[in-house]
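The whole structure should be built from the sequences, with the hints applied where relevant.
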Amino acid sequence: MARVLIQNVTKKFDDVIAVKNVNLEIKDKEFLVLVGPSGCGKTTLLRTIAGLEEVTDGKIFIGERLINDVPPKDRNIAMVFQNYALYPHMNVYDNMAFGLKLRGTRKKEIDERVESAAEILGLKDLLKRLPKQLSGGQRQRVAVGRAIVRQPAVFLMDEPLSNLDAKLRVQMRAELKRIHHSLQTTVVYVTHDQVEAMTLGERIAVVLNGEVQQVDVPLAVYEKPLNRFVAGFIGSPPMNFINGKIIKKNNVLKFIGESFEIKVYPLVKDLLADYVDKEVIMGVRPSDIYDEAQAKWLQENERDIVTAKVDFRELMGDEIYLYLRAGKNPITAKVGSYISATSGENIKVVIDLRKLHFFDSNTQKAIV
Numbered sequence: 001m002a003r004v005l006i007q008n009v010t011k012k013f014d015d016v017i018a019v020k021n022v023n024l025e026i027k028d029k030e031f032l033v034l035v036g037p038s039g040c041g042k043t044t045l046l047r048t049i050a051g052l053e054e055v056t057d058g059k060i061f062i063g064e065r066l067i068n069d070v071p072p073k074d075r076n077i078a079m080v081f082q083n084y085a086l087y088p089h090m091n092v093y094d095n096m097a098f099g100l101k102l103r104g105t106r107k108k109e110i111d112e113r114v115e116s117a118a119e120i121l122g123l124k125d126l127l128k129r130l131p132k133q134l135s136g137g138q139r140q141r142v143a144v145g146r147a148i149v150r151q152p153a154v155f156l157m158d159e160p161l162s163n164l165d166a167k168l169r170v171q172m173r174a175e176l177k178r179i180h181h182s183l184q185t186t187v188v189y190v191t192h193d194q195v196e197a198m199t200l201g202e203r204i205a206v207v208l209n210g211e212v213q214q215v216d217v218p219l220a221v222y223e224k225p226l227n228r229f230v231a232g233f234i235g236s237p238p239m240n241f242i243n244g245k246i247i248k249k250n251n252v253l254k255f256i257g258e259s260f261e262i263k264v265y266p267l268v269k270d271l272l273a274d275y276v277d278k279e280v281i282m283g284v285r286p287s288d289i290y291d292e293a294q295a296k297w298l299q300e301n302e303r304d305i306v307t308a309k310v311d312f313r314e315l316m317g318d319e320i321y322l323y324l325r326a327g328k329n330p331i332t333a334k335v336g337s338y339i340s341a342t343s344g345e346n347i348k349v350v351i352d353l354r355k356l357h358f359f360d361s362n363t364q365k366a367i368v
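Position 178, counted from 1, in the sequence shown is what our numbering calls 178; the numbers after and before it change by one each time, with no gaps.
Hints are computed from structural coordinates only; laboratory data are not their basis. Keep in mind that a hint or two might mislead.
[Claimed, not checked] FRET-style restraints, in silico, Cβ to Cβ:
#: 1; residue 1: Asp111; residue 2: Lys365; range: 27 to 35 angstroms
#: 2; residue 1: Gly99; residue 2: Phe61; range: 19 to 27 angstroms
#: 3; residue 1: Ala293; residue 2: Gln171; range: 32 to 40 angstroms
#: 4; residue 1: Pro330; residue 2: Lys27; range: 39 to 47 angstroms
[Claimed, not checked] Under the rule of at most 25 angstroms between Cα atoms (straight-line distance), these lysine-lysine pairs were calculated in the BS3-like manner:
#: 5; residue 1: Lys254; residue 2: Lys309
#: 6; residue 1: Lys296; residue 2: Lys254
#: 7; residue 1: Lys348; residue 2: Lys365
#: 8; residue 1: Lys263; residue 2: Lys245
#: 9; residue 1: Lys128; residue 2: Lys245
#: 10; residue 1: Lys278; residue 2: Lys249
#: 11; residue 1: Lys73; residue 2: Lys12
#: 12; residue 1: Lys269; residue 2: Lys224
#: 13; residue 1: Lys249; residue 2: Lys348
#: 14; residue 1: Lys248; residue 2: Lys278
#: 15; residue 1: Lys334; residue 2: Lys296
#: 16; residue 1: Lys248; residue 2: Lys263
#: 17; residue 1: Lys263; residue 2: Lys355
#: 18; residue 1: Lys348; residue 2: Lys328
#: 19; residue 1: Lys20; residue 2: Lys224
#: 20; residue 1: Lys365; residue 2: Lys296
#: 21; residue 1: Lys248; residue 2: Lys334
#: 22; residue 1: Lys296; residue 2: Lys355
#: 23; residue 1: Lys269; residue 2: Lys245
#: 24; residue 1: Lys309; residue 2: Lys365
#: 25; residue 1: Lys278; residue 2: Lys334
#: 26; residue 1: Lys334; residue 2: Lys309
#: 27; residue 1: Lys254; residue 2: Lys132
#: 28; residue 1: Lys348; residue 2: Lys263
#: 29; residue 1: Lys27; residue 2: Lys224
#: 30; residue 1: Lys254; residue 2: Lys365
#: 31; residue 1: Lys29; residue 2: Lys59
#: 32; residue 1: Lys128; residue 2: Lys108
#: 33; residue 1: Lys20; residue 2: Lys365
#: 34; residue 1: Lys309; residue 2: Lys355
#: 35; residue 1: Lys269; residue 2: Lys249
It should be emphasised that the depicted structure is a prediction, and the values quoted were computed from it without experimental measurement. For every residue, glycine included, the Cβ atom is placed at its ideal position computed from N, Cα and C.
Laid out in C-alpha cells, this is it:
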C-alpha cells in the first residue's frame, strides 16, 4: 500500500517557515496535485516527502512506515524534476537503465523494465538516440521513464512540464494521465499552473504561505472555494471581486458596492442574514456573466442586470474576454465570440445570481 500520510509537518529555514503544520493524506494510487503561487512552500513539502529536506516537526508515513529518518534512496520513491537532468553522453536506454545498474539489478530484468517503460511511453524506436537528438517532449518522457523503471511506491513530480511549450504541455498532460491509469501508482505532483492542477489531479491541495488552504476534487474547489485566495487562484480568467455590504430593503437582500448594486439570490439569504449592514466581498466568475441574449434561460429571480463600459476585449477563438467597468469596479466577462461590443461602449450584462460568492471582509473565508 502506497498511501502517503503527512501529520503536522513543519519545515523552517532559520526564521522562515516554509511549511506550516500541514496535515494531508494522499491515498493509495491517487494522483494528488499540490498547487499554489511561486514560493508558497509546495516544492519544499514535496522535498520533505522525498527526504531531500529534513522536517523540523511532524511525521511522514509511506504506507505504515514512518520515514522521517529513512534516507531518500530507501524510501521507495522516484522523483521527476522540472529539469530533465538526462546524461547527455548516454542514449535513452542507458539513461533509463542507469539507476537500476547502480543498484546491481540483473541485466535481463533491466532489459525487461526498460522495454516495458519504453512501450508505455512510446519510446521503443528512440532507445539508441542521445538526448540532443530528442524533442523537449521526448526528453520529458525519458525522464518519466527513468522513474517508471524504478517501480517505486510513490512518484513525486516537481513541475515537470514547465519547460515545455503550450502545445506540448497539453499533450504531456494527457500522457501523464494515461501513464497513471496504466501503472496505478501514487503520484504527488507540484505545479503553479492551476489549469494543470484542474486537468491532472484527482484531488488538488491549494497551498499558500506554507499552509494547505483547501483539499478536494477539482470541481468542488472551483465551485465551492473555502476562502478568497482559493477563489481567485483557481479559475481562468480569475474570479471578479467587489467590496461592498449587504443591505435589507423591503425584506429583500441586496449587495451594494461603489457604483454597483445587485440582488441576492433568495435561496441564500439566510446564510447572509448575519451580514446585513456589514462589509463583505462579492465574487463572480467571468463565465457566470452573460450578454442578454445568452441569459434568457435564467429565471427572473436568478438574474440581475448590470450596465458596464467596455475597456477592451480579447478574442480567444470561440469566446471573448470582455474587460468591463461598472462604475469604478473592473469586471471581466467570458462571452461568446459573436459579441460585437467595442471599447468605450456601454453594454448590459446579466449576472447569474445562483453563482455569486460572498466572503467575510475580515477573515476572507467564504460565507456562500
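Notebook entry, point to check: Hint by hint, which ones does the structure fall short of?
Noted result: Of the numbered hints, 1, 7, 9, 20, 21, 24, 25, 27 do not hold.
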